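Trainee: What follows is the residue order along each chain.
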Amino acid sequence: MSKFRKTIRSGKTKIKIDLPSLETLSDKKKLVTTAVKKELERKIRDKSLELVSVGKSPVKGVGRFKAYATQRNDDPRGYPNDSNTRSKFPGKKTRPVNLKLSNDMPYLKAIFKAKFTDGGIEIGKPSDKLLAKLFEAHNEGEHDDVPQRKVIPTGGDTFTESIILAIKNIYLKRIKNVLS
Amino acid sequence: MPGTVKKTNLTSDEISSEIDLFEGTGVPRSKRKRFARRVADFLKDEILKSVGNAKSPVSGERFPGLSKSYKEFKQKQNRPGKANLEFTGDMLDAFDVKVTDQGRVKPGVFGSSEVGKADGHNNFSGESTLRKRRFLPDEDQKFKSDIQSGIDEIINEAIADGVKLPVRRLKNAGTRAEAVSILKDVFPGSTFPQIRNIILGDEALLETLSRTGVLPLLGL
Numbered sequence: 001m002s003k004f005r006k007t008i009r010s011g012k013t014k015i016k017i018d019l020p021s022l023e024t025l026s027d028k029k030k031l032v033t034t035a036v037k038k039e040l041e042r043k044i045r046d047k048s049l050e051l052v053s054v055g056k057s058p059v060k061g062v063g064r065f066k067a068y069a070t071q072r073n074d075d076p077r078g079y080p081n082d083s084n085t086r087s088k089f090p091g092k093k094t095r096p097v098n099l100k101l102s103n104d105m106p107y108l109k110a111i112f113k114a115k116f117t118d119g120g121i122e123i124g125k126p127s128d129k130l131l132a133k134l135f136e137a138h139n140e141g142e143h144d145d146v147p148q149r150k151v152i153p154t155g156g157d158t159f160t161e162s163i164i165l166a167i168k169n170i171y172l173k174r175i176k177n178v179l180s
Numbered sequence: 001m002p003g004t005v006k007k008t009n010l011t012s013d014e015i016s017s018e019i020d021l022f023e024g025t026g027v028p029r030s031k032r033k034r035f036a037r038r039v040a041d042f043l044k045d046e047i048l049k050s051v052g053n054a055k056s057p058v059s060g061e062r063f064p065g066l067s068k069s070y071k072e073f074k075q076k077q078n079r080p081g082k083a084n085l086e087f088t089g090d091m092l093d094a095f096d097v098k099v100t101d102q103g104r105v106k107p108g109v110f111g112s113s114e115v116g117k118a119d120g121h122n123n124f125s126g127e128s129t130l131r132k133r134r135f136l137p138d139e140d141q142k143f144k145s146d147i148q149s150g151i152d153e154i155i156n157e158a159i160a161d162g163v164k165l166p167v168r169r170l171k172n173a174g175t176r177a178e179a180v181s182i183l184k185d186v187f188p189g190s191t192f193p194q195i196r197n198i199i200l201g202d203e204a205l206l207e208t209l210s211r212t213g214v215l216p217l218l219g220l
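Same order as they appear, the protein sequences are chains A and B. Going by this note's numbering, the residue at position 174 of the first sequence is 174; the numbering climbs one at a time, nothing skipped. Going by this note's numbering, the residue at position 98 of the second sequence is 98; the numbering climbs one at a time, nothing skipped.
Take these hints with a grain of salt, some might be off.
Stated by the list, open to error - Which stretches of chain B does chain A cover? Using the computed rule of at least three CB atoms under 8 angstroms from a CB of chain A, they are:
#1 32–42
#2 48–56
#3 77–85
#4 193–205
It should be emphasised that the hints constitute simulated quantities derived from the structure, not laboratory data. Every value quoted in this text rests on a predicted model; they were computed, and no experiment measured them. The C-beta atom is built at its ideal place from N, Cα and C for all residues, glycine as well.
I would like the entire structure built from these sequences, with the hints used as guidance.
Mentor: Structural data, given as structure tokens:
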């Protein structure tokens, strides 16, 4: 039976992917190489952002993101139609709710920047203070005026199935290389 | 055949396609709902992604572009000028993929206020006057191949779940034909290409087969 699914675990502010070793190769460092970790980081980021870009959370059970304030509160001058956002980011749309102000996406890029571990990677709350505050608001719902819009699984959550399958395929490809 | 749309449903509260995942697979009924939930979760991602990118997730279908006037209207209302089926977002918020007691999956729009809109795009009623932008497959239709591959992977996980390989017999297999014959006993009803994909999708099976020495015989 596959041990794989038990290896994706989330804590308070981070999620860890710790790929299982094989009976025939117990040394994780040899199985989960730097190249594998880089591929995990890239694939999780890309697959997650594909979902976020159409307004859907990559976290299992969360679904689509709540509307922005202009629609939610029926307020023509609510975010993103407020004067501050309009002047700085005139291209920002009311729909889809994609958490993106510019193509730089500093918040989204920061949360998918991985720390490499022996068996895989860890991603989540950034160390930068401002981006950490955004994480607390968006991901954890710790700000009264901002609805929770979870992008990183935390607190026992996991990724949606399409992302889990992508992680699994990276792992299986590596296993096949090792065994052949 | 697994993944076939068995029927479509259209009522005042629901428009959906009902898909049988496990026909002919040998997956016991007791396991079907568990894996159907995974397929449902996967399909929800993939259908919403396709639609959000103004593409149909259904094989052989496409989303025609918006009319000039509606495109201009959408853009004036600060929405993208593409056919992503999202203006207020209410219809897509009502989209879900449910799992039946028999382990089938039902992608659909649920809730009376949004069913009409969804039928406008999918035209299960035959009465829609809108340009068809199908995101729910009709009977005899399938999803696009990349989506179908993901569904097949999860079904293969279901088939592989709990399987114990006859290690001693496999170690004694001297030829490819012998090894294939043994595996066909383990996975009755599956062709060798299907068995190959089942094995390649399960690290425990791959490792066990590697220890028996038959991986090279099987061309894996």
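Trainee: Next, verify each hint and record whether it holds.
Mentor: Outcome of the hint check:
Remark: the stretch 32–42 of chain B is confirmed as covered by chain A, as 4 of its residues place a Cβ nearer than 8 angstroms to a Cβ of that chain, reaching the required three. Under the rule that three or more residues need a Cβ within less than 8 angstroms of chain A, the assignment of the stretch 48–56 of chain B holds, with 5 such residues. Coverage of a stretch by a chain is defined here by at least three residues with a beta carbon nearer than 8 angstroms to that chain's beta carbons; for the stretch 77–85 of chain B and chain A the count is 5, and the condition holds. Judged by the Cβ-Cβ criterion of 8 angstroms, the stretch 193–205 of chain B is covered by chain A as claimed, because 5 of its residues qualify and three suffice.
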